[in-house]
Amino acid sequence: MKETCDGPGRTPAAADVIGATWMRFWFAPAGPWPLALVRVLGGLLALALWVSYAWDLEVWFGPRGMIPPALLGAWRSPFALSLFDHAGTSTAVRVGYLAGGLVLAAFTIGFATPVTAVLGGLAFTTLLHRGPMLVGPADDVAAVILWCTAIGRSGDALSVDRLIADRLGRPAPCPAFRTRIALGLLRVHASVIAAAAALAQLKGDVWWNGTAAWWLASRADSRLVDLTGAFLRSEYLMNLVTHAIVLFEVVVAAGLWFSAVRGVIVPVAVVVWPVVGAIAGEPFWGLAMAVLTLGCLPTAVECGE
Amino acid sequence: MSQHTPPTSPSETVRAGITVALGVYLVGLALCVAGNSASGSSALVRTIHGRLFAPWMTLPWLDLGYDTRLTHAGVDDGDHRFEFQRLDDPGATGWIVLPGPTMHGERAARWRRLARATAVNEADPDREALLPAAVGAGTFGPWRTGDVSLRVMRHLPSDRGDVLAGRSDVAGSRDRAYAARVRLVDGEIQLIASTPRDELAPLVPEPKP
Chain A
1 MKETCDGPGR TPAAADVIGA TWMRFWFAPA GPWPLALVRV LGGLLALALW
51 VSYAWDLEVW FGPRGMIPPA LLGAWRSPFA LSLFDHAGTS TAVRVGYLAG
101 GLVLAAFTIG FATPVTAVLG GLAFTTLLHR GPMLVGPADD VAAVILWCTA
151 IGRSGDALSV DRLIADRLGR PAPCPAFRTR IALGLLRVHA SVIAAAAALA
201 QLKGDVWWNG TAAWWLASRA DSRLVDLTGA FLRSEYLMNL VTHAIVLFEV
251 VVAAGLWFSA VRGVIVPVAV VVWPVVGAIA GEPFWGLAMA VLTLGCLPTA
301 VECGE
Chain B
1 MSQHTPPTSP SETVRAGITV ALGVYLVGLA LCVAGNSASG SSALVRTIHG
51 RLFAPWMTLP WLDLGYDTRL THAGVDDGDH RFEFQRLDDP GATGWIVLPG
101 PTMHGERAAR WRRLARATAV NEADPDREAL LPAAVGAGTF GPWRTGDVSL
151 RVMRHLPSDR GDVLAGRSDV AGSRDRAYAA RVRLVDGEIQ LIASTPRDEL
201 APLVPEPKP
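Chains as they are written, first to last, in the numbering used here: chain A, 1 to 305; chain B, 1 to 209.
Extracted from the complex, chain A is given alone in its bound form (with noise of 0.2 Å):
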């Protein structure tokens, strides 16, 4: 029987556990690895999320685009704020995108990664700001990922900054608690947005009627394979599929939270999310959901053990 303040031989209190549970999830220090993982990926996901702006960035955001930014009054909360919206010329516009791809990309490969974190942050939400209308899931949820990841210590392993700490003799970092508070926020948003998704299909009748995954296949232009002819012939594979996308939404909302299955979960998620993805039309949201996830992974790696 453990002790706690209240004297040797009693059951610990429930305030205790809980307090204990809360220390242990958000300041037991945490090794590099998985939220260094998350950083490469999540800034892979972030610049293919930045590069698919690069072709349309003039006639949507220049001086005479789609977008001026006197029309995003209308659209934007009034917190709302683009450091693109001073973007008066078509050179300010480019020079301003370049510079939040090399900041992202610097992000990515894990170079001044305390500094490039916070400003790939600021210069991927800047973006999305300045064309609101434009945004899709995978930008949420990627936007979710930078500021996580900004929170901890995600270049300490799998970065530029590692190589040129250990060729400058510097020893290697010790696990840290702000990485756990970073793979903790991962892990509350993993477990939220999928909850959120499987309430929001639920409110539709065809997630309950089995035929939600029929009227995602028929989507002719989005749709990133076509399995219309597959569900043509077998309406059970239909229910099943469509029942399969929330059930697997739901088990990971709930199983991310209980150590004994998390194990299994995170892994089988990480390859279905992109599946999801995929048959929803939405393959960058099912990668960033992905990825989100991979933050959920046990963080075996402790100092000195």
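Just so you know, not all the hints are guaranteed correct.
Have a look at the derived ranges for each label pair, beta carbon to beta carbon [stated by the list, open to error]:
#1 A:P114 - B:I189: 43 to 49 Å
#2 A:A92 - B:D88: 44 to 50 Å
#3 B:P142 - A:P267: 44 to 50 Å
#4 A:V264 - B:A165: 42 to 48 Å
Please keep in mind that the hints were generated in silico from the structure rather than gathered at the bench.
Where a beta carbon is used, it is the ideal one built from N, C-alpha and C, also for glycine.
Once you've looked at the hints, dock chain B against the given chain A.
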């Protein structure tokens, strides 16, 4: 064996401060999810979220509902696209489609979102005509024109039962979600929205008593 720096552990005061910050953020996250739902939100949630959390969660793009419904099989859930036609060039008879057939991935998805926003927001009195006028005017420079016809076409997938019964094709159909003419007149942008024919009331002479 590699050397390690000592593990970093925060002091009691720092932990208390972080605990408060995390608590506030988690409450904010819950209220953002509840307050940004497509189903709407209560006045209580709206007020607390709007006054206490939206001001600082908007800027980092965290004031979101994350309610990715994927589809509810509504008319607005289909793929949308733009179609433009230059009206001041008699030789330009075809429609320019955006996203075009060679456009793929997230770039095409962004064009589809812009097209959808153009059509869907016409029902919102605060946003009515703003985006179509801006999108139409945005074509003037690149295409060296001052008069375009713009329409947003949405894809209407076929019902599986109708396809099996042979009543419709698996490819579905497209209908016009929005149409307007956008032109430059004396340096000002003029938008003439087109009303679908079936929405116009027929002019029927009143019967004589």
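- Query: Do A:P114 and B:I189 keep their Cβ atoms within the hinted range of 43 to 49 Å?
  - Reply: holds (46 Å)
- Task: With 42 to 48 Å as the target window, see if A:V264 and B:A165 comply at their CB atoms.
- Result: Cβ of A:V264 to Cβ of B:A165: about 43 Å, so the range 42 to 48 Å holds.
- Task: Using the Cβ atoms, figure out if A:A92 sits within 44 to 50 Å of B:D88.
- Result: The hinted range 44 to 50 Å is violated for A:A92 and B:D88, with Cβ atoms some 31 Å apart.
- Can you let me know if the beta-carbon spacing of B:P142 and A:P267 is within 44 to 50 Å? holds (47 Å)
Hint compliance for this structure: hint 2 is the single one not met.
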